[in-house]
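Since chain A is already given, all that's left is putting chain B on it; use the hints.
2 protein chains.
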Amino acid sequence: MNEGKMVSISHIAIAVRNIEDAEKLYETALGLKVTRREVVEEQGVRASMLETAAGDTTIELLEPIGQNSPIYKFLEKRGEGIHHICFKVDDIESALERLKKQGIKLINEGPRPGVDGTKVAFLHPKALNGILIELAELPKE
Amino acid sequence: MNEGKMVSISHIAIAVRNIEDAEKLYETALGLKVTRREVVEEQGVRASMLETAAGDTTIELLEPIGQNSPIYKFLEKRGEGIHHICFKVDDIESALERLKKQGIKLINEGPRPGVDGTKVAFLHPKALNGILIELAELPKE
Numbered sequence: 038m039n040e041g042k043m044v045s046i047s048h049i050a051i052a053v054r055n056i057e058d059a060e061k062l063y064e065t066a067l068g069l070k071v072t073r074r075e076v077v078e079e080q081g082v083r084a085s086m087l088e089t090a091a092g093d094t095t096i097e098l099l100e101p102i103g104q105n106s107p108i109y110k111f112l113e114k115r116g117e118g119i120h121h122i123c124f125k126v127d128d129i130e131s132a133l134e135r136l137k138k139q140g141i142k143l144i145n146e147g148p149r150p151g152v153d154g155t156k157v158a159f160l161h162p163k164a165l166n167g168i169l170i171e172l173a174e175l176p177k178e
Numbered sequence: 038m039n040e041g042k043m044v045s046i047s048h049i050a051i052a053v054r055n056i057e058d059a060e061k062l063y064e065t066a067l068g069l070k071v072t073r074r075e076v077v078e079e080q081g082v083r084a085s086m087l088e089t090a091a092g093d094t095t096i097e098l099l100e101p102i103g104q105n106s107p108i109y110k111f112l113e114k115r116g117e118g119i120h121h122i123c124f125k126v127d128d129i130e131s132a133l134e135r136l137k138k139q140g141i142k143l144i145n146e147g148p149r150p151g152v153d154g155t156k157v158a159f160l161h162p163k164a165l166n167g168i169l170i171e172l173a174e175l176p177k178e
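Listed in order, the protein sequences are those of chains A and B. Converting from the first sequence to this note's numbering requires adding 37 to each position, the first position being numbered 1. Converting from the second sequence to this note's numbering requires adding 37 to each position, the first position being numbered 1.
I should point out that these hints are in silico values taken from the structure, not numbers from a laboratory. A couple of the hints might just be wrong.
Which copy is meant is left open, so a pair is good if it fits within one copy or across any two.
Mimicking DSSO-like on lysine-lysine, the simulated pairs with C-alpha atoms at most 27 angstroms apart in a straight line are [claimed, not checked]: (1) 156 with 70; (2) 114 with 70; (3) 110 with 163; (4) 177 with 156; (5) 163 with 137; (6) 42 with 177; (7) 114 with 163; (8) 177 with 61; (9) 142 with 70; (10) 177 with 163; (11) 177 with 110; (12) 42 with 110; (13) 138 with 70; (14) 70 with 163; (15) 61 with 42; (16) 138 with 177; (17) 110 with 61; (18) 70 with 137; (19) 142 with 114; (20) 138 with 61; (21) 42 with 114; (22) 42 with 163; (23) 110 with 138; (24) 142 with 61.
Pulled out of the complex, with its shape left as it was, chain A reads as follows (with noise of 0.2 angstroms):
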């Protein structure tokens, strides 16, 4: 039975100014592999996913592709850095109700579509140590 349970550590999305050094750096310093790259223009970013050789949380690089995007904020405010940590979770929905019962601020009400078929919400950084937090629910298979 799903409850909307945190099943895992999905990423840890890192705000940078130039996607490509990053990933250079991220690939010959950490050995990290890119292993996609995408635009989500709703959010204003480029996006690239890179893997450890074997651990299932990924690291995700975020560069602005315009002035209105969050992660440019971000950028201008407290320079390159980490911008959020993603949980998957087994239901989106349990999960944001839960969280609202308990009292726990929420930027999304509700799940929002994200990349790749995914639900997405965001909780308030307020609620939880100063720290974004991002909930995934993957597409059922």
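What follows is chain B alone, placed relative to chain A:
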């Protein structure tokens, strides 16, 4: 053959002011489970490890136990938030050797003893988009 490869993301460390409150929050809101608590005197912290239902990457909560703790200074300067990301490596000496050759700035030139018989070292945040990265090699079984 071990080449100083990043095997997986071991944990994401979060600096908090009150570890009991944070544990409760992460257990209740995110459904994580505390699997280990310890005091690391030489780093001046109390640490709690929390895991998700199925993922191998964990969350490490860190509360300072004195004003000399790097976590105390972090909290004073930046407030609560993500302190570092730890990558599990197959061979920490090889990894540090390679990083040095690549001109990556290190905080620890050689490995030092971590918890539970691990060998650990920190890279300089300037080297990687402002992110503090720890490498950890687990003891041989």
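Now the hints, each set against the structure:
{"no.": "1", "hint": "156 with 70", "in the structure": "both (25 angstroms within a copy, 24 angstroms between copies)"}
{"no.": "2", "hint": "114 with 70", "in the structure": "neither (29 angstroms within a copy, 34 angstroms between copies)"}
{"no.": "3", "hint": "110 with 163", "in the structure": "both (18 angstroms within a copy, 21 angstroms between copies)"}
{"no.": "4", "hint": "177 with 156", "in the structure": "within (11 angstroms within a copy, 40 angstroms between copies)"}
{"no.": "5", "hint": "163 with 137", "in the structure": "within (14 angstroms within a copy, 38 angstroms between copies)"}
{"no.": "6", "hint": "42 with 177", "in the structure": "within (16 angstroms within a copy, 33 angstroms between copies)"}
{"no.": "7", "hint": "114 with 163", "in the structure": "both (17 angstroms within a copy, 17 angstroms between copies)"}
{"no.": "8", "hint": "177 with 61", "in the structure": "neither (34 angstroms within a copy, 31 angstroms between copies)"}
{"no.": "9", "hint": "142 with 70", "in the structure": "between (35 angstroms within a copy, 21 angstroms between copies)"}
{"no.": "10", "hint": "177 with 163", "in the structure": "neither (31 angstroms within a copy, 41 angstroms between copies)"}
{"no.": "11", "hint": "177 with 110", "in the structure": "neither (34 angstroms within a copy, 45 angstroms between copies)"}
{"no.": "12", "hint": "42 with 110", "in the structure": "neither (31 angstroms within a copy, 34 angstroms between copies)"}
{"no.": "13", "hint": "138 with 70", "in the structure": "between (40 angstroms within a copy, 20 angstroms between copies)"}
{"no.": "14", "hint": "70 with 163", "in the structure": "between (33 angstroms within a copy, 21 angstroms between copies)"}
{"no.": "15", "hint": "61 with 42", "in the structure": "between (35 angstroms within a copy, 16 angstroms between copies)"}
{"no.": "16", "hint": "138 with 177", "in the structure": "within (26 angstroms within a copy, 45 angstroms between copies)"}
{"no.": "17", "hint": "110 with 61", "in the structure": "within (24 angstroms within a copy, 32 angstroms between copies)"}
{"no.": "18", "hint": "70 with 137", "in the structure": "between (37 angstroms within a copy, 20 angstroms between copies)"}
{"no.": "19", "hint": "142 with 114", "in the structure": "both (22 angstroms within a copy, 25 angstroms between copies)"}
{"no.": "20", "hint": "138 with 61", "in the structure": "between (44 angstroms within a copy, 16 angstroms between copies)"}
{"no.": "21", "hint": "42 with 114", "in the structure": "neither (33 angstroms within a copy, 34 angstroms between copies)"}
{"no.": "22", "hint": "42 with 163", "in the structure": "within (21 angstroms within a copy, 36 angstroms between copies)"}
{"no.": "23", "hint": "110 with 138", "in the structure": "neither (31 angstroms within a copy, 35 angstroms between copies)"}
{"no.": "24", "hint": "142 with 61", "in the structure": "between (37 angstroms within a copy, 16 angstroms between copies)"}
The structure fails hints 2, 8, 10, 11, 12, 21, 23 (numbered hints given earlier, in ascending order).
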